[in-house]
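Okay, so the sequence shown: first residue is 17 according to this note's numbering, each after it adds one.
None of these hints come from the bench; they were simulated from the model.
Every residue, glycine too, gets a C-beta built ideally from N, C-alpha and C.
One or more hints might be untrue.
To be verified - No more than 30 Å apart at the CA atoms, straight line, and that leaves these computed lysine-lysine pairs for DSSO-like:
#1 Lys226 with Lys94
#2 Lys153 with Lys97
#3 Lys119 with Lys97
Unchecked claim - What follows is a list of derived Cβ distance ranges for each label pair:
#4 His37 with Asp72: 21 to 29 Å
#5 Arg157 with Pro80: 34 to 42 Å
#6 Lys97 with Gln193: 36 to 44 Å
#7 Asp43 with Gly186: 34 to 42 Å
#8 Ala31 with Arg188: 48 to 56 Å
#9 Arg188 with Met96: 35 to 43 Å
#10 Pro80 with Ala169: 36 to 44 Å
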Amino acid sequence: MAGSESSCRFCAIVAGDEHSHVVFEDDVTLAFLDHRPLFPGHSLLVPRQHVETIWDLPEDLNGPLFTNVRLLSAGIRKAMKAEGAFVAVNNIVSAMQRLHSEKAPHIDVEIDPQCVVLCDPMDLSEMLANLIDNACKWCDRRVVIGATIDGSAGQAVIAVEDDGAGLPAGSRDMVFQIGQRLDERVPGSGLGLPIVRDLAQLYGGEVRLKDSGLGGLRAALTLPCAV
């Protein structure tokens with residue numbers, strides 16, 4: 017939930033002060049249909065307690081919220097008779113902008129609404145957060161996130177690009193080694209890309225690093241497409 021509690025539309029919906037089509041609720045969360053859906057069944061799940069970003073979520077709400085994400089995505093997939101479900105944490109981008117506020121990166125998002133992947137929602141969020149965080153760390157000022165469908169291969173391609181200095185081709189395999197960091201001056205654990213790679217491989221996908229047209233690095237995450 018963004019903004020102060022008094023100005024938050026989500027809080028108004030939770031309080032019943034603003035109309036919505038509720039599809040799920042319990043003591044912790046409430047889910048309702050998006051008024052401008054990208055696809056059938058497009059719903060938003062929010063905590064009843066006002067929270068600025070997912071990184072501000074209290075520890076005691078973490079488990080119940082993401083349990084309900086799984087329940088909701090499974091329910092919508094069954095109701096819509098869909099082969100898969102796309103789950104997006106809408107404030108990953110805003111959270112990254114806050115995390116990297118000193119650099120103040122400009123993040124562009126270009127997502128094909130038909131891009132639906134066969135992947136656990138939480139695993140997808142973990143992979144995206146790591147890739148976007150890396151791009152924000154190494155960019156000069158700009159990050160571009162895009163998702164497209166490769167129909168011939170039955171795959172979704174999620175690309176995260178930056179306009180930084182890039183990474184030499186000879187060093188790209190090295191950054192997938194656990195704990196490996198090429199520049200100790202930049203904060204990090206060296207676990208992000210290995211985690212992305214391992215999670216992608218669980219679903220028959222992969223992550224590849226290439227030169228970006230922006231001048232920096234392009235990380236392309238490939239996952240099986242549900243449609």
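Okay, the hints, checked on the actual structure:
For the hint linking Lys226 to Lys94, the alpha-carbon distance of about 37 Å lies beyond 30 Å, and the restraint is violated. With a C-alpha separation of about 40 Å, the suggested pairing of Lys153 with Lys97 is violated against the 30 Å cut-off. In summary, the hint linking Lys119 to Lys97 is not supported, as the alpha carbons are separated by about 44 Å, beyond the 30 Å threshold. Between His37 and Asp72 the Cβ separation comes to about 27 Å, which falls inside the hinted range of 21 to 29 Å.
Taking the beta carbon of each, Arg157 and Pro80 are about 38 Å apart, inside 34 to 42 Å as hinted. The given range of 36 to 44 Å is respected by Lys97 and Gln193, whose C-beta atoms sit roughly 43 Å from each other. A hinted range of 34 to 42 Å for the beta carbons of Asp43 and Gly186 is inconsistent with their spacing of about 54 Å. A beta carbon spacing of about 50 Å between Ala31 and Arg188 agrees with the range 48 to 56 Å that was offered as a hint.
Distance hint for Arg188 and Met96: a CB-CB separation of about 39 Å, consistent with the stated range 35 to 43 Å. Taking the beta carbon of each, Pro80 and Ala169 are about 37 Å apart, inside 36 to 44 Å as hinted.
Taken one by one, the earlier hints fail for this structure at numbers 1, 2, 3 and 7, listed in ascending order.
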